[in-house]
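Peer 1: Protein chains in written order, with our numbering: chain P, 3 to 127; chain F, 80 to 136; chain Z, 129 to 606.
Please keep in mind that the hints were generated in silico from the structure rather than gathered at the bench.
Check each hint, because a few of them may be wrong.
Distance ranges between label pairs, derived from CB positions [to be verified]:
id : chain 1 : residue 1 : chain 2 : residue 2 : range
1  : P       : VAL96     : F       : ALA95     : 26 to 36 angstroms
2  : P       : ALA70     : Z       : LEU530    : 36 to 46 angstroms
3  : P       : ILE21     : F       : LEU99     : 17 to 27 angstroms
4  : Z       : GLN274    : P       : VAL20     : 24 to 34 angstroms
5  : F       : VAL116    : Z       : LEU530    : 21 to 31 angstroms
6  : P       : VAL96     : Z       : PRO601    : 40 to 50 angstroms
7  : Z       : ALA294    : P       : ILE21     : 48 to 58 angstroms
8  : P       : VAL107    : Z       : ALA269    : 48 to 58 angstroms
Taking beta-carbon pairs under 10 angstroms as the criterion, some of the chain P residues facing chain Z (in silico) [claimed, not checked]:
id : residue
9  : LYS13
10 : VAL22
11 : PHE32
12 : PRO49
13 : VAL50
14 : ARG85
15 : ILE101
16 : TYR117
17 : PHE125
From the three backbone atoms N, C-alpha and C, an ideal C-beta is built for every residue, glycine too.
These are the residues of each chain, in order.
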Amino acid sequence: MAHYVAPKQGKASQLIDVIVLVVLTLGALFVPLKLGLAGAAKAVETPVTDPTWEALGQTPVQAAQYEALGYTPASAHDLILARFDYSFSVGALVAMVAIIVLYYVLVLRFSDVEYREVISEKFGK
Amino acid sequence: MELWNYLEYAAWGLSALFGLLMLVDWLKTDSTYSEDVLTSSREGELEAMAEEHKVKS
Amino acid sequence: MSDVDITSKTMDGMGPHGTKVGLLRVLGPAHVWALGVGIVLVGEYMGWNFAVGKGGAYAALIACWFAGILYTCVAMIDSEVTSTVASAGGQYTQAKHIIGPLMAFNVGLYLVFAYTMLEAANAITAGYLFSVVATMSGHEAALDQQPFIILVIMFLAWLNYRGVLATLTFNLVITAIAFVAILVLFVSTSGILGGGIMQHAALFEGHEMPYGWIGVLASMHFGLWYYLGIEGTTQAAEEVRSPARALPFGTLAGIMTLLIAATLTWYICTGVLPYEFLGDGVNGSVAPLFDTARLSGSMGLVWLLGFGTLFATLASANGCINDASRAWFAMGRDKYLPGWFGAVHPKYRTPYRSIVFLVPIALIFALKAPLDQVITFSILSGLLGYTFMPLNIIMFRKKWPLNSIKRGYEHPFHPLPAVTLLALCAITFFAVFLGYGTQLVAMIGFYIVVSLWFHFWRYRFVNRGAQFTMPWPKPKGY
């Protein structure tokens, strides 16, 4: 089988490739952040007015540790009561599974095509 | 109080220094040696020279 | 661009004998251990405690051990493959030889992202530590953390630039100190030497499982943080004196060290810090071991764990620069990325262009993104990589059965570790979905786009047969 000879890549083209990669990377990180879609924020659902350690659900031992750390019931209020929301829709879950599977199938499929070419060039038919 | 303000400046200065050291050496290296030498590293050098294989197929 | 053509007649397109300036083979097993544990140990000093927030203290312990199983599988699989494919680039080179070029490109990017993000997270933590020390020493105004974050990255990049032996010897020393600090804290607070301050039962009371079992699943997300990065040992392959022995030894010793450190850390911190405080790594306990030391009442422990935390972050960032640049370099060398990155410094023998290039990238993440997002991106890239590993080992055993090539290490019970690993990855994907579904989709969207870019554009610059450099027989079934 004839060897595939890769073209030389010019300096400008190399630079463009690097820029493309960097822009895509920054996009993947910052687009969800900027759109405010980055989840997992905790929220306080039922605030307590005039909090005491008991009202925040802390035993005396636990309260003592908080005080040792320099907290008062008021300053620890948000920290203690904030909770994650783990509710999710089945549709979103299915969509995520589909995307992950699609991604791996795509990568494995294309890889296999490329791999066969590599092997046949390296070892001959 | 004052100390940490000086340390902040020191950190800026040192960062710039390390950055500069790398940059200068990088440009010097790139202009001293040819691309051929610099990018001559190839994967699998050791394997190609030293592996003893029990090839059965 | 002038460049050695590895398809030229003298090299016949297959032989890798063109190297004039290559990486230096100077490292021993202790350096491998230091690289692996050094990157990860910071996970014990910060970040793992998000798992406590996700599901409570017990959930964090369950996650710690299940993630421990996951990483034991990773270490075993990695040790086997890498004792055979010993090359800079690690899993990238494995994927290239075993699954195919596009997978390899993706794996290479997972590595670079996981490590660069982790490096950014470390720099953020180091900057925070400096501000804490400033406050403790009586500095009244808030310290500007930026110069310290930049200094950490610049200094370590410079160290990496100057040579791998000094870099990893430095890592060995500071990692050992950080590990000993955890042991000392355990011995002096657990009551073994008298005067223990552990109150597990009283602190857990009423908060055993704040979210029930779904919290346990959710905490798997940050459970990975106890060990993330141990697979980076393989990046040193081209700089180790005898990779087939040193890599499995260093990696497996590393995972054992981490299992001990992770369990001790959980025990110490949950016995002293209330769970809501411990579980919030942003507003609560940024550095849980350090906070525990503060409550111990011993100034000596405060200083020891303060330095332990700082050293752990430095060791980790240092190892990350090392690993990310090796992966980036290896891809450049194969023209997966512009070949310009495949350069080795003629004097220091390091991939200097890759090291310098990744500095501004790390700085952008360290200065512009919040810590838990950075950690999540690191974890996600790692997780995609762990999902690749079982596929990798199954295909490796199928294409080259045990007796067909010489392996430095053969992992036991195949395919049980591969299947276990795959199952645990699926659980972790679900855990990430619970909190960070959008980022997960954005990340995978990114990888799909770059995969198409690679397949239809970038791959034309890659020589086909020449990139298969291992002296192996033809794979079965091709």
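Peer 1: Taking the hints in turn, state whether each one holds.
Peer 2: How the hints compare with the structure:
| no. | hint | in the structure |
| --- | --- | --- |
| 1 | P:VAL96 - F:ALA95: 26 to 36 angstroms | violated, 52 angstroms |
| 2 | P:ALA70 - Z:LEU530: 36 to 46 angstroms | violated, 58 angstroms |
| 3 | P:ILE21 - F:LEU99: 17 to 27 angstroms | holds, 25 angstroms |
| 4 | Z:GLN274 - P:VAL20: 24 to 34 angstroms | holds, 26 angstroms |
| 5 | F:VAL116 - Z:LEU530: 21 to 31 angstroms | violated, 41 angstroms |
| 6 | P:VAL96 - Z:PRO601: 40 to 50 angstroms | holds, 43 angstroms |
| 7 | Z:ALA294 - P:ILE21: 48 to 58 angstroms | violated, 33 angstroms |
| 8 | P:VAL107 - Z:ALA269: 48 to 58 angstroms | holds, 55 angstroms |
| 9 | LYS13 | holds, 6 angstroms |
| 10 | VAL22 | holds, 7 angstroms |
| 11 | PHE32 | holds, 7 angstroms |
| 12 | PRO49 | violated, 15 angstroms |
| 13 | VAL50 | violated, 14 angstroms |
| 14 | ARG85 | holds, 8 angstroms |
| 15 | ILE101 | holds, 5 angstroms |
| 16 | TYR117 | holds, 3 angstroms |
| 17 | PHE125 | holds, 4 angstroms |
The structure is inconsistent with the numbered hints 1, 2, 5, 7, 12, 13, although it conforms to all the rest.
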